[in-house]
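Residues per chain, in single letters:
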Amino acid sequence: MQNTENPHTVEELENLAFELRSKLLHLCGTYEGAVHIGGDLSSADILTALFHHGLHVDPTDIANPTRDRFLLSKGHAAVCMYIAMSMRGFFSYDGIVDTYGQLDSAYGMHPCKVQLPGVEASTGSLGHGLPLAVGMALSARGRGESHRVVTLMGDGETGEGSVWEAAMAANSYELGNLVAFIDRNRQLMTSFDEERVFLEPYTDKWAAFGWNVVHIDGHDMGALVQAIDALPASDSRKPTVVVCETVKGKGVDFMERNLAWHAGSLGAADLDRAMAALQASREKESV
Amino acid sequence: MLSARSVIGTTLAELGEDYDNLWVLTPDIGATLVEFRDKYPERFVDVGLAEQACVGVAAGLAYDGNIPVVSGMLPFLSMRALEQVRSDVCYPNLPVKIIGTHGGLVGNGGSTHYAVEDLALMCALTNMTVTSIGDPLMVGEVIRQSMTMQGPIYIRLAVGKKDKVLYEPGEHEIRIGKGIIARQGTDATIFTHGTVVAQALDAAAELAKDGHSVRVVDMFTLKPIDEELIAQCAAETGGRFVIVEDHLAYGGLASRVADVVADRGIHLTAFERLGIPQVYAGFGEDEELRDKHGYGLAATIAATQRVIAAA
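If you read the sequences in order, they're chains D and W.
Residue numbers are given in UniProt numbering: position 208 of the first sequence equals residue 208, and the series is strictly consecutive.
Residue numbers are given in UniProt numbering: position 61 of the second sequence equals residue 61, and the series is strictly consecutive.
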């Protein structure tokens, strides 16, 4: 499960994540409608680690049967995935920014497999990615293929019953080739989840469902790389969940843990302010 | 006894040989699937009581080039998993087949266990082909034909206890999207589907004793509907239509036919629809419930007499 053609150091991956966030903000400042910027920013490091380090995929051969499959179960982070994929060479970033959300564009609020064949599935309604991933993992097992099926869910999304139905199925069918990353940003759209909906004890829940549980800081690129490198072999018998502790709005101080920035748009002034905040955050972290 | 339900299992077990990418999935409803399960355990998936995951897993398999068949009880597949059917299967137009029982007021399970809105729901879904079948031999044929279809299909059965073989093999051409003229006639047409076809044929035979020539159309494909046949029946049976179905009277076949009549400007002399009214139907045997809710044999005969008498 490695980007072997073009391996990156952790520092290079951190730079790519910064570039991804900058491009996200730029799109958010260009597009007039709302973008799910909060959950994009919390997923940015995970998606960078996956598309630039973890996933064995080839942008020039999107139907190769041996590729790892990646499903964005939290489909509202589509922009973050489109840009991460563009940086890996799947799409052109300009194509995304220039057409996003417009009539007949392939790039919209939630990914559509029909309009954008480079993505693995049409998602958007929450709680759908994990069952789809279970089907793809079963298919790989049935054909004796050794690729992995990887999905990224939001933690709020795991309130959906279908997630736990699929979690049970993955355990019953011993799908060690299935990996779920969870963006544990602890926010729903309208509340902080431990205030209204108690997900804790969260990692225990997954362990009780028979999953191999890894718990990391989802903004620590070194930890993400390590978690990916340490994944059990795809022919092992337990699915793995990587619970990534994250911050919604990560990298832009006025958006961080701020319910107002679940989704939003940036005017020109806001864009400058957000870019400055992103730069400041980077300098602070590199000290 | 040959039942539609038993044919599912034998047909799938047969097709499993020709199609090594055929998978069968079920949410804990599997008695009829044992033949497939025993022959191809590695392509049989029982997720337990989890209809949403079951349909989602099927879609995941289909994304990867497989042909998944989901078999279970339709009230749950069509409603509890409706969003998965719509967004995971129909939206990307995947070749998932949903085959199940308990279509209509059958099985005496009470209203939680009757699928009576399912055809309305399924017909509303873009890309979905919708069928309802009463003849066990037809079930096998439709499943076989569906194997080469690109998109999804919904195959509705009753429960199998009272299934009748209606047609001799080769008697009619069975083709998805084409209605079957189960009985010729010129005074009126009864359109129906599923196990109610047998009842409509009984009604036509009864009416023949009074000299009435009543056509019976088995409109086993509700979507896409056979528009040409509807136009042809209007022209050949005096524009006199009765629609009888084991489904809500509004939203099922009657509504499909009415849409065609309105859209094409077909002139009718009389139109009656018999089906389940907007009530939760309660317990009882199939025929008792049909009689109670106004779409049994006697009601069908009476409605047909009325449309024949209409000026």
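Any given hint could turn out to be false.
[Stated by the list, open to error] Quick partial rundown of chain D residues pointing at chain W, CB under 10 Å, derived from the structure:
no., residue
1, L71
2, G95
3, V97
4, G101
5, Q102
6, G118
7, A121
8, R143
9, S146
10, W164
[Claimed, not checked] The following label-pair restraints were derived from C-beta to C-beta distances:
no., chain 1, residue 1, chain 2, residue 2, range
11, D, G89, W, E171, 24 to 32 Å
12, D, G210, W, A231, 41 to 49 Å
13, W, A205, D, S105, 56 to 64 Å
14, D, I62, W, N127, 55 to 63 Å
15, W, D210, D, G161, 53 to 61 Å
16, W, N127, D, T66, 43 to 51 Å
17, D, A230, W, S111, 35 to 43 Å
18, W, A231, D, T66, 46 to 54 Å
19, D, R237, W, D18, 51 to 59 Å
20, W, P224, D, R273, 39 to 47 Å
21, D, S236, W, M147, 44 to 52 Å
22, D, S265, W, Y250, 42 to 50 Å
23, W, N127, D, R237, 55 to 63 Å
To be clear, the hints were calculated from the coordinates, so they are not data collected in a lab.
None of the values given here were measured: they were computed from a predicted structure.
Ideal Cβ placement from N, Cα and C applies to all residues, glycine included.
Hint-by-hint comparison with the structure:
1. Because the smallest distance between the Cβ of L71/D and any Cβ of chain W comes to about 8 Å, under 10 Å, the interface hint for this residue holds.
2. The interface hint given for G95/D is violated, since its Cβ lies 22 Å from the closest Cβ of chain W, which is over the 10 Å cut-off.
3. With a cut of 10 Å, the hint placing V97/D at the interface with chain W is violated, because the nearest CB-to-CB distance is about 26 Å.
4. A distance limit of 10 Å between C-beta atoms decides the matter here; for G101/D the minimum to chain W is near 18 Å, and the interface restraint is violated.
5. Interface hint at Q102/D: violated, since its Cβ lies 20 Å from the closest Cβ of chain W, which is beyond the 10 Å cut-off.
6. The criterion of a C-beta within 10 Å of any C-beta in chain W is not met by G118/D, whose closest approach is roughly 13 Å, and the hint is violated.
7. Because the smallest distance between the Cβ of A121/D and any Cβ of chain W comes to about 6 Å, under 10 Å, the interface hint for this residue holds.
8. With a least beta-carbon distance of about 8 Å to chain W, the hint placing R143/D at the interface is held under the 10 Å criterion.
9. At its closest, the beta carbon of S146/D sits 14 Å from a beta carbon of chain W; the interface hint therefore is violated under the 10 Å criterion.
10. Interface restraint check: W164/D against chain W, minimum CB-CB distance 9 Å, threshold 10 Å, status holds.
11. The beta-carbon spacing between G89/D and E171/W, approximately 59 Å, falls outside the hinted interval of 24 to 32 Å.
12. For the hinted restraint 41 to 49 Å between G210/D and A231/W, the CB-CB distance of approximately 58 Å leaves it violated.
13. Hint check: A205/W to S105/D, Cβ distance near 60 Å, so the stated range 56 to 64 Å holds.
14. For I62/D paired with N127/W, a C-beta distance near 23 Å fails the hint of 55 to 63 Å.
15. Between D210/W and G161/D the beta carbons are some 56 Å apart, a value that agrees with the proposed interval 53 to 61 Å.
16. Judged by the Cβ atoms, the range 43 to 51 Å given for N127/W and T66/D is violated: they are separated by roughly 29 Å.
17. Separation of A230/D from S111/W is about 52 Å and departs from the stated range, judged on CB atoms against 35 to 43 Å.
18. The beta-carbon spacing between A231/W and T66/D, approximately 52 Å, falls within the hinted interval of 46 to 54 Å.
19. Between R237/D and D18/W the C-beta distance comes to about 32 Å, which lies outside the given range of 51 to 59 Å.
20. A hinted range of 39 to 47 Å is violated for the C-beta pair P224/W and R273/D, which are about 55 Å apart.
21. Evaluation of the 44 to 52 Å hint for S236/D and M147/W yields a failure: the beta carbon distance comes to about 34 Å.
22. Look at S265/D against Y250/W: about 43 Å separates their beta carbons, and that is inside 42 to 50 Å.
23. Look at N127/W against R237/D: about 37 Å separates their beta carbons, and that is not inside 55 to 63 Å.
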